[in-house]
Amino acid sequence: MTDFVRGLRLWFSPQRIREEGDTPDYRFSLANERTFLAWIRTALALVGGGFAVDQFLPDLRWGVRVGMALALLAAGALCALRAVNHWARCERAMRRGEDLPVSRFPTLLSLAVGLVAGAMVVVVLFGWSG
Amino acid sequence: MTGGAAGVRDPGLQPERTRLAWRRTTLSATVAAVLAAKQAVHEEVTAAGLIGAGLSLLVWLGFLGVAHRRMVALGTARPRALSARGAVVAAACTVALAAFAVGVVL
Chain A
1 MTDFVRGLRL WFSPQRIREE GDTPDYRFSL ANERTFLAWI RTALALVGGG
51 FAVDQFLPDL RWGVRVGMAL ALLAAGALCA LRAVNHWARC ERAMRRGEDL
101 PVSRFPTLLS LAVGLVAGAM VVVVLFGWSG
Chain B
1001 MTGGAAGVRD PGLQPERTRL AWRRTTLSAT VAAVLAAKQA VHEEVTAAGL
1051 IGAGLSLLVW LGFLGVAHRR MVALGTARPR ALSARGAVVA AACTVALAAF
1101 AVGVVL
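From first to last, the protein sequence lines are chains A and B. Position 46, counted from 1, in the first sequence is what the numbering used here calls 46; the numbers after and before it change by one each time, with no gaps. Remember, the numbering used here sits 1000 above the position in the second sequence when you count from 1.
Okay, chain B solo, but in the shape it has when bound (with noise of 0.2 Å):
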């Protein structure tokens, strides 16, 4: 699993490193994520707390597609650079929560 057949296994783990990194990052986003769905449903069910709910759980999702793509990638001896791709999404996806948040508060 660590990418020890595709090559020699790197001395320092970066991708090891690199792969629980996104693992406490994707932690970090679910914390985020129930939060503001807790807060979209929290006095009474509304639709409008169903429809911020539910678009809470899409960006938790997107966040989660990356990472996991992300962790795959890692599972080789040398894997390649991060695509800007993928940066670019799991910053939206944090923007979109703060956005999210925004729109709860006022």
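In isolation and in its complexed conformation, chain A is listed as follows (with noise of 0.2 Å):
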């Protein structure tokens, strides 16, 4: 808990990155952040499959556009807050001379993603024909 909130206080203030270890490679730094664009990509594409599921699926029920729409909006929000962290942590960690954290967020993510797509492909099956 007092690591997350310390990793909060990091988001807020970049001369405390600074401060920390030696300056990497610029060229590490520079990938760490492209990593950390990729992840406000995947962040802004669930958004707006967030947006195209309430847009162009009016025929669906309210309660699963919804629902659908929601989870694929709260995974976009989480992925990119989470992209910030991890930028953060690893930008930290490359400062210490520490190695990289790792995590299980690709994991849940692509969990739910396949969640989602398994409960569209229901949908297309059962919703429309039914």
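Watch out, some of these pointers could steer you wrong.
As the list claims (entries may be wrong) - Computed spacing ranges between beta-carbons, pair by pair: (1) 74/A - 1054/B: 20 to 30 Å; (2) 1064/B - 56/A: 24 to 34 Å; (3) 103/A - 1024/B: 20 to 30 Å; (4) 120/A - 1051/B: 30 to 40 Å; (5) 1047/B - 20/A: 45 to 55 Å; (6) 106/A - 1034/B: 35 to 45 Å; (7) 124/A - 1054/B: 31 to 41 Å; (8) 99/A - 1042/B: 41 to 51 Å.
Said to hold, decoys possible - Facing chain A, according to a computed beta carbon distance under 8 Å, are these residues of chain B, among others: (9) 1024; (10) 1055; (11) 1084; (12) 1094; (13) 1105.
What the hints assert, rightly or not - Going by beta-carbon spacing under 7 Å, a handful of chain B positions derived as facing chain A: (14) 1035; (15) 1077; (16) 1081; (17) 1087; (18) 1090; (19) 1091; (20) 1098.
Don't read these hints as lab results, they were simulated from the structure. Where a beta carbon is used, it is the ideal one built from N, C-alpha and C, also for glycine.
Combine the two chains into a complex, taking the hints into account.
Spelled out as structure tokens, the structure:
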């Protein structure tokens, strides 16, 4: 928990990252930045998917449509927040010369996306024919 | 434009690749913001819809500003690391779009 608070503080005070350890090779920082941007794009795609479900599937029942849209939107928001957190933690680990942080977030996200995709298949198969 | 004048060009083209990543992300943000604006003024143009469209435009402009500043900063041969503020603003724009979408869906 205290680690989490320390991480949160790290987000909003960029100097704190620069104070610790040595500046790593700029190429490592840029690679970290590109990973961060890739996660942000994933988050934006999930948010766009949430909009699309709400906008382009008006024939679905209200509960199903809203449920799927909310799941995608929540995943998008979570993904964006986690992207900053992971970026800051990687940046700090590189400055300190530690191992990069590992995370089970990619697994959780892929499970969630697979779940929504499976729900879509079920909805398309049974919802529209029945 | 690629920073050749400021020093030796990076053989791995790291700044260029990072700049392109920012461009791709800006494009994704544009698509999401357009979807949001379209959703806001979906059926009929109302005051609330216009406010929603204006808000998504503001979020998009905010992202554009961060991306532009970072892309300019990447023009040097050995750019500094991304500032935490830039990262937080980019993520905050995404979260704002998601929150906006939740408001529209419900």
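These are the hints, each one checked on the structure:
In this structure, residue 74/A and residue 1054/B meet the distance hint of 20 to 30 Å, their C-beta atoms being roughly 25 Å apart. Distance hint check: the CB atoms of residue 1064/B and residue 56/A are about 26 Å apart, consistent with the given range 24 to 34 Å. Checking the proposed 20 to 30 Å range against residue 103/A and residue 1024/B shows it holds: the Cβ atoms sit about 23 Å from each other. Here the CB-CB span from residue 120/A to residue 1051/B is close to 32 Å, well matched to the stated 30 to 40 Å.
A beta carbon spacing of about 49 Å between residue 1047/B and residue 20/A agrees with the range 45 to 55 Å that was offered as a hint. Between residue 106/A and residue 1034/B the CB atoms are about 28 Å apart, so this pair departs from the stated range of 35 to 45 Å. At roughly 35 Å, the beta-carbon separation of residue 124/A and residue 1054/B lies within the given 31 to 41 Å, and the hint holds. Between residue 99/A and residue 1042/B the CB atoms are about 49 Å apart, so this pair conforms to the stated range of 41 to 51 Å.
With a cut of 8 Å, the hint placing residue 1024/B at the interface with chain A holds, because the nearest CB-to-CB distance is about 6 Å. Contact between residue 1055/B and chain A, as hinted, is not supported at the beta carbon level, the nearest pair being about 14 Å apart and thus beyond 8 Å. A least Cβ separation of about 4 Å between residue 1084/B and chain A falls short of the 8 Å threshold, and the interface hint therefore holds. The restraint placing residue 1094/B at the interface with chain A holds, with a minimum CB-CB distance near 4 Å, inside the 8 Å limit.
Interface restraint check: residue 1105/B against chain A, minimum CB-CB distance 5 Å, threshold 8 Å, status holds. With a least beta-carbon distance of about 4 Å to chain A, the hint placing residue 1035/B at the interface is held under the 7 Å criterion. Annotation: interface hint on residue 1077/B violated; nearest CB of chain A at approximately 9 Å, more than 7 Å. Restraint check, residue 1081/B versus chain A: the minimum CB separation of about 4 Å is within 7 Å; hint holds.
Residue-level restraint check for residue 1087/B holds (minimum Cβ-Cβ distance to chain A is 5 Å; threshold 7 Å). Against a cut-off of 7 Å between C-beta atoms, the interface hint on residue 1090/B holds, since the closest Cβ of chain A lies about 6 Å away. Because the beta carbon of residue 1091/B sits about 4 Å from the nearest beta carbon in chain A, less than 7 Å, this interface hint is met. This hint holds: residue 1098/B has a C-beta 4 Å from the nearest C-beta of chain A, less than the 7 Å allowed.
Figure legend: structure checked against the earlier numbered hints; hints not met, in rising order: 6, 10, 15.
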